[in-house]
Structures are given as structure tokens and as C-alpha cells.
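Residue numbers (the numbering used here), protein chains in the order written: chain A, 1 to 275; chain B, 1001 to 1275; chain C, 2001 to 2275.
The set of hints was computed from the structure by calculation and includes no laboratory data. Be careful, since some hints might not be right.
[Stated by the list, open to error] No farther apart than 25 Å at their CA atoms in a straight line, the calculated lysine-lysine pairs in the DSS-like style are these:
| hint | chain 1 | residue 1 | chain 2 | residue 2 |
| --- | --- | --- | --- | --- |
| 1 | A | Lys184 | C | Lys2102 |
| 2 | B | Lys1209 | C | Lys2184 |
| 3 | A | Lys209 | B | Lys1184 |
| 4 | C | Lys2209 | B | Lys1209 |
| 5 | B | Lys1184 | A | Lys184 |
| 6 | B | Lys1184 | C | Lys2011 |
Quantities reported herein were computed from a predicted structural model and do not represent experimental measurements.
Next come the chains, spelled out residue by residue.
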Amino acid sequence: MRNFELTHLPKRTEKPRQSGLTMVMDKGLSIRECENMVDGSGEYIDIVKLGFGTSLVTPNLERKLAFFKECKIPVYFGGTLLEAYIVRGQFDDYLRLMDRYKMEYCEVSDGSITMPHQEKCHYIHRLSKRVTVISEVGSKEEGILIRPNKWIEMMQAELDAGVWKVIAEARESGTVGIYRPNGKAHVVLINKIVAKIPADKIIWETPQKSQQAYFIKYFGANVNLGNIATSDVIALETLRIGLRSDTFFQYLDKSLHNPNFIEVIDQEKSNTVKA
Amino acid sequence: MRNFELTHLPKRTEKPRQSGLTMVMDKGLSIRECENMVDGSGEYIDIVKLGFGTSLVTPNLERKLAFFKECKIPVYFGGTLLEAYIVRGQFDDYLRLMDRYKMEYCEVSDGSITMPHQEKCHYIHRLSKRVTVISEVGSKEEGILIRPNKWIEMMQAELDAGVWKVIAEARESGTVGIYRPNGKAHVVLINKIVAKIPADKIIWETPQKSQQAYFIKYFGANVNLGNIATSDVIALETLRIGLRSDTFFQYLDKSLHNPNFIEVIDQEKSNTVKA
Amino acid sequence: MRNFELTHLPKRTEKPRQSGLTMVMDKGLSIRECENMVDGSGEYIDIVKLGFGTSLVTPNLERKLAFFKECKIPVYFGGTLLEAYIVRGQFDDYLRLMDRYKMEYCEVSDGSITMPHQEKCHYIHRLSKRVTVISEVGSKEEGILIRPNKWIEMMQAELDAGVWKVIAEARESGTVGIYRPNGKAHVVLINKIVAKIPADKIIWETPQKSQQAYFIKYFGANVNLGNIATSDVIALETLRIGLRSDTFFQYLDKSLHNPNFIEVIDQEKSNTVKA
Chain A
1 MRNFELTHLP KRTEKPRQSG LTMVMDKGLS IRECENMVDG SGEYIDIVKL
51 GFGTSLVTPN LERKLAFFKE CKIPVYFGGT LLEAYIVRGQ FDDYLRLMDR
101 YKMEYCEVSD GSITMPHQEK CHYIHRLSKR VTVISEVGSK EEGILIRPNK
151 WIEMMQAELD AGVWKVIAEA RESGTVGIYR PNGKAHVVLI NKIVAKIPAD
201 KIIWETPQKS QQAYFIKYFG ANVNLGNIAT SDVIALETLR IGLRSDTFFQ
251 YLDKSLHNPN FIEVIDQEKS NTVKA
Chain B
1001 MRNFELTHLP KRTEKPRQSG LTMVMDKGLS IRECENMVDG SGEYIDIVKL
1051 GFGTSLVTPN LERKLAFFKE CKIPVYFGGT LLEAYIVRGQ FDDYLRLMDR
1101 YKMEYCEVSD GSITMPHQEK CHYIHRLSKR VTVISEVGSK EEGILIRPNK
1151 WIEMMQAELD AGVWKVIAEA RESGTVGIYR PNGKAHVVLI NKIVAKIPAD
1201 KIIWETPQKS QQAYFIKYFG ANVNLGNIAT SDVIALETLR IGLRSDTFFQ
1251 YLDKSLHNPN FIEVIDQEKS NTVKA
Chain C
2001 MRNFELTHLP KRTEKPRQSG LTMVMDKGLS IRECENMVDG SGEYIDIVKL
2051 GFGTSLVTPN LERKLAFFKE CKIPVYFGGT LLEAYIVRGQ FDDYLRLMDR
2101 YKMEYCEVSD GSITMPHQEK CHYIHRLSKR VTVISEVGSK EEGILIRPNK
2151 WIEMMQAELD AGVWKVIAEA RESGTVGIYR PNGKAHVVLI NKIVAKIPAD
2201 KIIWETPQKS QQAYFIKYFG ANVNLGNIAT SDVIALETLR IGLRSDTFFQ
2251 YLDKSLHNPN FIEVIDQEKS NTVKA
């Protein structure tokens, strides 16, 4: 929704979006805080992740899930929770948990545990028969470097196994995976990935504003971005459409302005003369 | 409002304030979050900026504006939005937008675009016939240095063109303009500015606590501060009046304490002896 | 409360907790924001500090205190407020203030002022006859180093004077006291402290996630942590019980996983063969 018209704004995709997704990270909002978030920015939120294992300790989990269902905003448990079940050899219990809460989306990741990639794809495959699966590639540990070819192989294999979108890991800090410890993007890595994997199949974790701006400049308004803080959704939307300084000239010709001013001043002068 | 009395607290100005202003940056609050903010700290909020282009994408913009009007808290669209109109040669459409939303304040900035300063002053002049104008000096780009004399010239010209207050730019990050990239203040620049421009005409953007403390130590409790996060207003008020560690001795004589203690202990002893 | 069962989770203490405490720092929430916080995470909040001097300027202070009383969550004024009374020679007025607001907890600190340690213990002693006292050791100033022996002596003397828990200072920034300016823990200092002072008598100020993880890894799920941001309580709880990447293997045997997977795959294969 746009309150007023302005030229040279990019067209944004609309819900249910396949690209231009904003995935928000909920680290433990109360029900009323969820309501506030949706009231203030719901139309720009495509999917909500209940971060890591928060679902286990959050009060009113059922009401929270029901609320997002009413709002037609998909919601899923963070991949760390699935990893906690896998590492305990309880994958089947996780399936029962998904059923119990009538989950329609899930995330498969290996950010905290190490497992053969074949195993990860096996879980993806089984889950994809039941729900929409998002997978996550990349380590949560700082300093772990994965070769670009390995990133691509893994992403492709996970798409083949049935995932809807694959997330490029950055944690909620934005300092690992596709970023250096200082939060700057690994440009070569990203270039190599998008040469092989369709961009609209990837969700880039971009918790920091500079990272959001980087991907919007690179891929445009309708890039998929994830791990967005619950209070940053509106600000992100302005970044996407070029109404914040970082992306201001994204959809404009830099030479656009000067001629107009001269005209304004001239017209002003002639008005003054007339008056 | 102070819940209880304490000596040696500075006198704070009262609404409608001309100095000691706190300008808050709203990056996309819902209506209920606005209510929470005003309920929790409204008496210390002098003016609210709807940051950059958020007004275009915020749901319930009219209700938000009406809410702030009810609370008698002035509100304005971030300067980036005006720049977006100017760069498109649509300044007159911006005037119509201001009318449509019955705005009583506006900001004129050139943080994202480059324009002749004469042009900026021209817009200020035209707008100042209709509404209260706040202007902003300084670039949003890191590493852009403007000579102190240029800062002063521009601020003076903008005041002459009709602005109520002029903002010294720092962005919401606090790393440009009057700050170095590490967030520390450009002391020499600030000194030169206040030697020429009346301090109560300037609003210093101080998103970080250390920056707020710096200006309070320098200019006292009733310095004008801007780009304050919506959740920091109460904490800022304690900084202003010396009830937070950073400014604790601002209004006190460091030698105040020790004599008192000896008295306390002595009295205690004599009580003990008596008892 | 746990929404579902999972093996290998540590047992958490229950309210009213003597260890495993989470102390939250309120920097100026509105009443409704307090309600949201308690609704979303109240069972994991053991005590709320109204930070530094916020109590003096917070609107609706009495309603806020009444709200926390209803929720059976102890609340206290930040130590900086008491220091402001002490430095003015008005300790007795502080006692009257405590009575007026029917406070049941209080904090005694010397983070902003310098006073003989004998004097601090004197205040602790007097207050401990009336309310539950928490004291704080460590300077709020960066670069001030206190020898480990001195930390221990002071903590012990304050416990002897009647405090319930002693807080190890870090400020809300987490860059002083038990931390270096970069936020990393002073490991040697911490080791020496816990060799002499019972761990459950100490509350570690851990505003940053890495600091929370550090103390949980060192002391386990039921370590006392303080200066937790109001929006971080649920996330902290997942850290405590090993459901976030940083502490994922805290309660697990790293060799736990691989055998299980082979079993899963084998079973899968045999199912396939059967089918």
C-alpha cells in the first residue's frame, strides 16, 4: 500500500510473494507485540521465523501461531529446533511436533550440527512431502569458510530435494556465512552463487541495514531478505523502493535534477515580475 | 514531571520548548506503539520525525498524524521525502502533499541529493510562508567533509531564509556529519559552529548515548537533541538532569560528599552510645 | 513452562529463584510495554531494575510499581539514584522515599561516586534491616581496574553487611568492570572471584549475547544474569537451556549424532524394500 503516488518507484511484488520476500525473525514477542508488528507493517511481512528454540519456551505459543494464521502470514520454527531433535535421534518426534502445531512451513538447517549433506537432503525430502520447506546453507560459526562451489552444490541439491527457498546464513548478527566478521559481504562468493542458482530461490539473511542496502542495490527492490528485525520492516520497505538515502538513486538518473531547478527559479522570477 | 524532589537538578524548559528540545525518529511504529511511546515519555517529546520516506509506505498514516495532533506533538516528514520530490522536479506536488495531510512542520535537507545552496534556501523560503521549517545541514555520505566556515555560512543562510531550527546531520547511525566514522564528535567543527550560530537554533542529531552525553556536558540540560530512538526518551531525560553516570557530576560540586559521611557516621555513633 | 518435551535439557530453577535469576533493566517502559514484557516472558523475569534515575522522571511510577507487585515481580530503583541521594548528604531522605513507594528491594552501588568502602557497607547494613539489598561492585568508568583481591574483599564485606546478591558491574553497555572495553570477559578476574565467593550470590551483568553465552557456558543454565534488555528475555532462556547455537552442545555429547542417522537411513531403506 502506498499512501501517495511518486514517479520512478519500482514495482513491488504482492502477496503471496515468490520474490521480494521479507522474512522477519521473532525472538520472543508477546501476542500484543505481534499484533503491533502486523498492524504497523503486516503487508510487508511474508513469513515469520520463531527464532532458534524460542518456540519451546514462549508462553502462549498456540495463540501466537493462531494469530499469524488469522493474518495469513506463514510462520515456522527456527532450524536450530529441528537440529536439536536430529542430534538427539528424534526426527520422527519433530514430525509429530509439526503435526501437533499444524505447521505448514519448516526450516532445515545444519548451522549448529555437522551432518552428511546426504542426510540433510533426506530430511528435506521427507519434510517436503508434508510442508513447505525452507533450508539454510552456511555455518553459524565465525571463521568457517565454505568454498563457493560447495555453497552452490549444496544449494542445488537442497532445491532438488524439494525446498521452496534456500536461505544464505548470516545469523541474527550478520557476521558469518555470506559476511565477513566485520559484517561486510563476501562479494566474490555471492557473485558465484547467483551465476548458478536462480536469485528468486535464495533468501539472503540481512540483519544489518548496510547488508539490506547491499542486496537491494545488487538485485533490486524484489530481492528476498531474511532475519529482518521486527521493528525494521517499514524502514526496509523504504530501502527497497529508494526512499532512504542508501538506495536513493537506485531507480533514478543522476542527471535528473538540475534542469528542473533552473525552470523553477525562472518561473518564480517571471511570477514575481508579473505580480 | 518529577515524581519526587532532589536538589541540584537543573531546571528544564517546558512545552512548547524553544530550547531543550527532544526530537524523536519514528522508523515505522504502529499506532499502538505510538500510544505506548507517548504514554511512557510524551511530555519529554517535542517533535516527531517520520523518518526518510516511511510516510509513503506506513499503514494508517492519517490515523498516526491525527494521534500526534491530539497529543499536541508536532510531527513532520523526513527530509529525504522532500528530496525525492525535488529530484523529480515535483516540488509543487510536495506542497500539495503537505496540504493534503495538513502538515504544520516540514524538513528541508540535501543529505541525499546535491543542489545549489541558493536553491535549498529558495525551497526553505517558500515553505516557511506556509509551515514551520526545520532544515538539515551536512551530508549523509561517510567521509564527506564540509569546512567549518561552509557549515556556518549554510546554517546562517538557512536561518535567514526562514527556518525555525537547523539540524546538524549525523544520520540515524551517528557516524557522519558532525561525527567521525567511529561516532566521536568533531570537536573543532562544533566549537566553530557555536561561536557563530546561536546554540538554541541548532538541533544536534545524537542517536548514540555517548553523543547525547557529549552535548549535554558541553551545552547543558537544555540543549536541542535529535534522532533520538523512540525507546530512549526517558533515559535521555535522566542524562539531561544528571541522574545517569555519564552526567552525574554535571550539576554537582565534586567535593560535596565526604563531609556529610563523617557526620552520618558520627551521628550514628552518638545514637549507638545513647541507645 | 515448556510447550513440549525434549531430552538433555538442563533443569531450570523455579520462582522464587535463588539461582538462575534473570534481572531485567527497564530504561523507561510505558505501563503497556511492561504488560507486554510480562505477558511475553514474565515467568523468566525474576527482578526488574528501574535503571539509574529513571524513577524520578517516569510517568505513572506508582502504577508501574503496582503492576509489578501484582505480577509478583520484585522491582527496585537503580543504584545511581541512591548515589544521587548519598552525594547530596540525603541518605535519610532516600529511606523516606523507599517508604513512600513501599519498596521491598534496593540497590547500593558506588559506580558514579567514590566513598570509603566502610561507608558503603554502613548503608547496606542500615538498608538490610528494612528491605532486601542488592549491591553492586565495580566502577562505571572505562579503564578503571580494580585488583581481583579487592573485588573479592569488597564482595565479601558487602555480603557480610547483609546483601542478598552482589552484582558484578558491566553497565548497560557491557564494556567496563568484568569486561574489557571491547566487551570480552576478564577471565582471570572472574576465576579468582568465584574461587572465593559462592557463585549463586553473584549476579553477572551481561547486556550482550556473547557475554550471556560466556557465563552460561562457564556456570551452567542457572547462573544469575543481570542488565538483560527487556526484549531479550526469551532469547536468553533459549541460551540457558541449549536451544541456541552458542550453547547448543552445552548439555550434549558431541558424538551423540552420527550413529542415529545411519539407523534412520537403514530403516528407511528397509521400509523402501518392504514397500
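So which of the earlier hints does this model not fit?
-> 1 and 6
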